[in-house]
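> What follows is each chain in one-letter form.
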Amino acid sequence: MLKVVVFIKQVPDTSSKAGVNPDGTIDRARAKRMLNNFDRYALQKAIEIKRSVGAEVTCVTMGPPPAIEVLVEGLEHGADYGILLTDKRLAASDTLATAYALHKVVGYIGQVDIILTGLQTTDGDTAQVGPQIAERLDLPQISYCESLTITGKTAKARRVVEGGFQNVETAMPLLITVANSATPLGHKRFIEVAQVKEMLRTPEERARRIKSVSLDDVGADAARTGLVGSPTVVGKTWKLGEVGGSCKVFEGEAVETEVARLLESLAADSRNIAEMLHG
Amino acid sequence: MVKNNVTVVAEQLQGDLQQITPELLGAARELAQKLGTGVSCFLLGHNVAPMAQRIIAMGADIVYLVDDLALKEYTTLPYRRAVLTILKSMADPPPIILMGSTTIGRDLAPRVAASLEVGLTADCTELDIGDYEHKGKADPHKVGTFNNILYAIRPSFGESLKARILGPWKNPQMATTRIGVMQPLPLDNSRTGRIIAVPVTFDTADFRLKVVETVRDVSKAVDITAAKVIVSGGFGVGGVDGFAVVRDLVSIFNEGVVGASRRAVDSGWIPYAHQVGQTGKTVRPELYIALGISGAIQHRVGMNNSKIIIAVNKDADAPIFKFAHYGIVGDLFQVVPVLKRELTKLAKAKSL
Amino acid sequence: MKRIEYDVLIVGGGIAGLTAAHRLVDAAKTAGTPLRIAVVEKAKNFGAHVLSGAVSNPRSVKKLFPDYETNGFPLEGKCAESHLTLLGAQRAKDMPFAPPEMNKTGYLILSLSNVCAWMAENLVEKTKDTAVAVDLYNGFAAQDILYSGQRVTGVRVDDTGAPEQDNCYAKITIFADKGLLSRDLIEKFNLAQSNQTYAVGVKEIWETDQDFSGKVWHTLGYPLMDGNFGGGFIYGLKDKKLAIGMVAGLDSENPNLQPPQILQAMKKTPFVQQMLKGGKLARYGASIIPEAGWFAMPKELAVDGAMIAGDAAGTMDIKGFSGVDKAMESAMIAADVAFGALQKNDISKAALAAYQEALLDGWVGQELKASRYYRHAFHENKALFSDYLPVVLKGLDKGCMMSGGVKAFFSGPGGLISGGLNLLKLMGGGGSGELRLPEDRTCPKPKHNAVPLAEPEGFAKNSVYLTPDMVFYAHTHYHHGNDHIKEFDAAVCKKCIARFEAGNNPPPCVGDCTADVHSVLAKDGAKSHQMALENCVQCRTCEIVCPEKNIRVNPALHGSGPDFRGL
Ligand SMILES: Cc1cc2nc3c(=O)[nH]c(=O)nc-3n(C[C@H](O)[C@H](O)[C@H](O)COP(=O)(O)OP(=O)(O)OC[C@H]3O[C@@H](n4cnc5c(N)ncnc54)[C@H](O)[C@@H]3O)c2cc1C
Ligand SMILES: Nc1ncnc2c1ncn2[C@@H]1O[C@H](COP(=O)(O)O)[C@@H](O)[C@H]1O
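Quick note, the sequences are listed as chains A, B and C, same order. Residue numbers are given in my numbering: position 38 of the first sequence equals residue 38, and the series is strictly consecutive. Residue numbers are given in my numbering: position 316 of the second sequence equals residue 316, and the series is strictly consecutive. Residue numbers are given in my numbering: position 174 of the third sequence equals residue 174, and the series is strictly consecutive.
Hint data in this document are derived by calculation from the structure and do not stem from the laboratory. It is possible that some hints are incorrect.
Said to hold, decoys possible - No farther apart than 27 Å at their CA atoms in a straight line, the calculated lysine-lysine pairs in the BS3-like style are these: (1) A:K188 / C:K128; (2) C:K93 / A:K188; (3) B:K137 / B:K162; (4) B:K142 / B:K34; (5) B:K322 / A:K239; (6) B:K340 / A:K248; (7) B:K162 / A:K32; (8) A:K156 / B:K210; (9) B:K162 / C:K2; (10) A:K88 / B:K34; (11) A:K236 / B:K162; (12) A:K248 / C:K277; (13) C:K44 / A:K188; (14) C:K240 / A:K32; (15) B:K137 / A:K236; (16) C:K126 / A:K211; (17) B:K322 / C:K240; (18) A:K248 / B:K228; (19) A:K32 / B:K34; (20) A:K188 / C:K486.
Said to hold, decoys possible - Some, not all, of what chain B presents toward chain A, calculated at C-beta under 8 Å: (21) L69; (22) K72; (23) T76; (24) R111; (25) A113; (26) K281; (27) F333; (28) V335; (29) E342; (30) K350.
All C-beta atoms in this analysis are idealised placements derived from N, C-alpha and C, irrespective of residue type, glycine included.
Kindly generate the complete structure, drawing on both the sequences and the hints.
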């Protein structure tokens, strides 16, 4: 059976105001938490693989202990196992350090055929972690993957490229970052949710399905993760002003005059519309 | 000026330099000026040598060229190999490498950065050079004052914040830049520069992924997110026929497309692909002309980052006038023909 | 595959449903018996489809959570200042003699949606390391009731097509769904006594510059001056927030109530404007209120294997707006009876009937009985409001309420006196006989001629919103392919549109919609009914006012709908 790993992340829910400081930064302790939207497409791909050709799906996340919630969510959607990498020393990891730590989890799981990641996160928002994991593991990657067919140990995929799409093919193992134009995550099925709830009530079964591991457990070098292992830091943040402004309105005159005044006004503000017109 | 040049990775597609390339070169030039260095550019592909001179005209001093059949179509691993080989051929790593935040740049840059074990800041909207003092004691190795380092500035948390990302400890400092943000330099065909061809030896493992086919059909697909100019119609347009007026106005713009509000799409006047807003696409064109759109918030969140917003609406109280930059209160069916006529005059004047 | 079965299944995770769950957990923990409970809630998150005022008598909260003041129960505050205010287009004045039930001093100020979110979270905490299991199924709407003969055995909550995978079974099902599904039960067993009279409430949360915490206003007057039952409410919440809402009876002759715009109109008055100054709209939502009380309660509140609690059972009492406390009390009694029945292994209708007895014998029944003519009094005495209120308010706006009152008196003393006396008598519990209330859908008149209102002067334009803009603040989200509102026959809608448009009015589904869902589409000379379902806040007003019974609102699937967090 194919072994599929899908990386999912818990992110602050910025749609609610809870936990958003007045200066726009996030107070992670107070913020609501949710599964990174982009990862829902990756999770869906994993479930599709499982349902079409059969696979054992493991969700992996790195984050503080509450991140276990996204693993439960993964199981409720049909994944088989969940691994939480959690360690105080991981704090302030940038993408390079994150990818380092995550690739160690793949090693910990053992032989893996397909690794799926979301395109990007809504908090990190870099789209870098996926390819960086692939680099660490020396795997070919299919980024911006929309659809996927598996035959034996070969993956055929359609990926988005500028102005169109591309059909590619590669042998496993490989890493795939899933585009948000792929199939959205399906709805949880009642029966699966009910079974997960039942299972999580049994301590042995729970321990078998969801593991929490530390840097030492996965054999990662703490010096290459967290603040110490990150080549970049956030120096300063500041709030962006509201977009849009006081509207210059032309009204109550003949249409010709209004249009003329609009064009004058655009010119006066050096808004060069003429540039955009056909010569 | 040979060493320590601010470096960009050019992007070309089937022999065409992509829009991001002059933008990257423009940004690099500005940084180079502040650092007192030159600008280098990596040009990768097959039969791309003729483009090198154009890249110099766009602002590069040195072009590192890898011209190889293996690079005909972009694929991750061979391109990665080429970039790493050029870097290895240099005595010192460049201080800064910039790539585009395009599907190619976002595929390639992280692999290069991970391979070099250096930092990479994604999707920057501003770049600058400055000093930085690291005080945080958590990592004693990092403490220190650093001069003339890259400020990689990018929006975060859904565009509500800007963050300055720094990585002064190791070169190259890498960043990708958002498309359409950096300013290209005027093309200067009198510029001169050096072209250095770099031979690359590929590994069989670089060809693990095969491209079966690439389909690009830019002409057919409506991609309102990439458009420079959007003329959108709302409920006020009144029907399918009303969109003829919208199309008519779009036709005079170079890279214009038709957009629409949800109510217009829902009414079946125009396909969903044109829908701007919460349930449609988020756009940020140079110019957004809203015709007969009330400016309900669902629409607003999809377009309020447009550079110039011009609204035409009969209703002076329409919310769109709260956030448009320019507005005409009037019947769009009367205003648009006049607007089109006057703009056409402008265009003629421009081409004279 | 094993079928999923619980001891108790609760349909609807609103205040009644979650109260029942808490009470059951408490009972099982005290008794030391294992118990398996499931709560199915159609919203993606608990509380996301719950909207209330809400100012509540603390009695039920205290009963369920004796330590509610210290255990983290989310209070918005306690009422320290209670007003009943007459609102005119330009001025406002507290009523000199407010009925005692409108004095809310000492009552709890709540965001019921936040309360429900907290109760769900707290429920899980409570059951940790106990033999009691509570499984929360948010995002799963009960769609059909399952029966075995005449006995309710559970509900269907999924639509994969395989019954054993889609069904949730239970020994006892408690319906706390505000009627959305339990109306099927009431119909099947023919439990209805009288028709229900509904109102619709629209509500906004504002973040304001000033602190109004602990202050409560109920308003009468502008802009509901044409005999329509209703009024406004303004509650000061903690953290400088303000809840502001409007309730309008759906037994109105006006087919074009435009509830969101009634609220906007109220916001335009200087009285409200000064409160909103410098503030920002944070959220919007709407919900219906079953107001008829006593006579509209189902004949029986239990059948074999099932019980009905809260608004689904019509426990809301319009006198003093007592809905939350009565819904909670009914749920606690239902839970107690259900637990006892399970212990005795008897889940028959006869065993569960103890619930109804206890409810009606207790304070809930007593109060509802005492106020049984209250709402009807307004329906019967519309003229009192349409004829005299505007005159009184005109006087008020001129600065002298007395002169307005006196004028009203002289313009028709007979009507005023007899109407007023009649009203007071009915409100006070006088009256006799069974009431058979009209269906709300029969009230809207196609030819209704709404009296144009004088608009208050000088309001800030950016403090009021067009209805499509307001919907944005309800944060609705629907999944692709959603079609939770059924229109049975398009031809019927066409006729209805024609009938109402002939009277210069929109059909009631359009005119009374709270979220810009319904509209009339004119195409090629023909007019048809169309819906923008992605706007829907699931208030069910359209179904209630549809003159032709041609619309039905079903539970939307997969957690679709608004997000009423904070409302
Ligand atoms: C605007 C307004 C103001 C009010 N003000 C006050 C006040 O000040 N004081 C007061 O005491 N009362 C007030 N009330 C009344 C009070 O809110 C209600 O009486 C009370 O909320 C009823 O509780 P409930 O649990 O029966 O219904 P709700 O709290 O509405 O809960 C019903 C729950 O069931 C869920 N549900 C429905 N159908 C299904 C299904 N098929 N499957 C799954 N889930 C389903 C819903 O999503 C919801 O969560 C007000 C009501 C409104 C609308
Ligand atoms: N902490 C994390 N835990 C698990 N997966 C992650 C984590 N951070 C990033 N990822 C994965 O990497 C993808 C890209 O993230 P990013 O580079 O942060 O935009 C995400 O969609 C996830 O699949």
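> Work down the list of hints and note, for each, if the structure agrees.
Now for the hints, and whether the structure bears them out:
1. For the suggested pair K188 (chain A) and K128 (chain C), the alpha carbons sit about 24 Å apart, so the restraint of at most 27 Å is met.
2. At most 27 Å may separate the alpha-carbon atoms for a hinted pair to count; K93 (chain C) and K188 (chain A) exceed this at roughly 54 Å.
3. Taking the CA atoms of K137 (chain B) and K162 (chain B), the gap is near 24 Å; set against the 27 Å cutoff, the hint holds.
4. The hinted pair formed by K142 (chain B) and K34 (chain B) meets the criterion: a straight-line CA distance of about 24 Å does not exceed 27 Å.
5. The suggested pairing of K322 (chain B) with K239 (chain A) holds, with an alpha-carbon distance near 22 Å, which does not exceed 27 Å.
6. As the CA atoms of K340 (chain B) and K248 (chain A) are separated by approximately 20 Å, the hinted pair is consistent with the 27 Å bound.
7. Our distance criterion of 27 Å between C-alpha atoms is met by K162 (chain B) and K32 (chain A), whose separation comes to about 22 Å.
8. Proximity of K156 (chain A) to K210 (chain B) is assessed by CA-CA distance (about 10 Å); at most 27 Å being required, the pair is judged to hold.
9. In summary, the hint linking K162 (chain B) to K2 (chain C) is not supported, as the alpha carbons are separated by about 53 Å, beyond the 27 Å threshold.
10. The hinted pair formed by K88 (chain A) and K34 (chain B) fails the criterion: a straight-line CA distance of about 40 Å is larger than 27 Å.
11. Under the criterion of a C-alpha separation no larger than 27 Å, the hint pairing K236 (chain A) with K162 (chain B) is consistent with the structure, at around 8 Å.
12. Distance restraint check for K248 (chain A) and K277 (chain C): the Cα-Cα separation of roughly 25 Å lies within the 27 Å cut-off, and the hinted pair is therefore satisfied.
13. With a CA separation close to 12 Å, the supplied pair K44 (chain C) and K188 (chain A) stays within the 27 Å bound.
14. The straight-line distance between the Cα atoms of K240 (chain C) and K32 (chain A) is roughly 21 Å, inside the 27 Å bound, and the hint therefore holds.
15. Under the criterion of a C-alpha separation no larger than 27 Å, the hint pairing K137 (chain B) with K236 (chain A) is consistent with the structure, at around 17 Å.
16. For a cut-off of 27 Å, the pair hint linking K126 (chain C) to K211 (chain A) stands: about 24 Å separates their Cα positions.
17. Restraint check: the Cα-Cα separation between K322 (chain B) and K240 (chain C) comes to about 26 Å, which is no more than 27 Å; the hinted pair holds.
18. Between K248 (chain A) and K228 (chain B), the direct Cα distance comes to roughly 22 Å. Compliance with the 27 Å bound is thereby established for this hinted pair.
19. The straight-line distance between the Cα atoms of K32 (chain A) and K34 (chain B) is roughly 43 Å, outside the 27 Å bound, and the hint therefore fails.
20. A distance of roughly 24 Å separates the Cα atoms of K188 (chain A) and K486 (chain C); the hinted pair therefore holds under the 27 Å criterion.
21. The beta carbon of L69 (chain B) comes no nearer than 18 Å to any beta carbon in chain A, farther than 8 Å, and the hint placing it at the interface is violated.
22. Proximity of K72 (chain B) to chain A is violated relative to the hint, the smallest CB-CB distance being about 13 Å (cut-off 8 Å).
23. Because the beta carbon of T76 (chain B) sits about 6 Å from the nearest beta carbon in chain A, less than 8 Å, this interface hint is met.
24. For R111 (chain B), the suggested interface contact is upheld, since its CB lies about 5 Å from the closest CB of chain A, less than 8 Å.
25. Given hint, A113 (chain B) at the interface with chain A, holds; its Cβ is 7 Å from that chain's nearest Cβ, closer than 8 Å.
26. Annotation: interface hint on K281 (chain B) violated; nearest CB of chain A at approximately 12 Å, more than 8 Å.
27. The closest approach between the C-beta of F333 (chain B) and any C-beta of chain A is roughly 10 Å, which is over the 8 Å cut-off, so the hint fails.
28. This hint holds: V335 (chain B) has a C-beta 6 Å from the nearest C-beta of chain A, less than the 8 Å allowed.
29. A hinted interface residue such as E342 (chain B) counts as satisfied when its beta carbon comes closer than 8 Å to some beta carbon of chain A; here the least separation is about 5 Å, so the hint holds.
30. Evaluation of the K350 (chain B) hint against chain A yields a held restraint, the C-beta minimum of about 5 Å falling below 8 Å.
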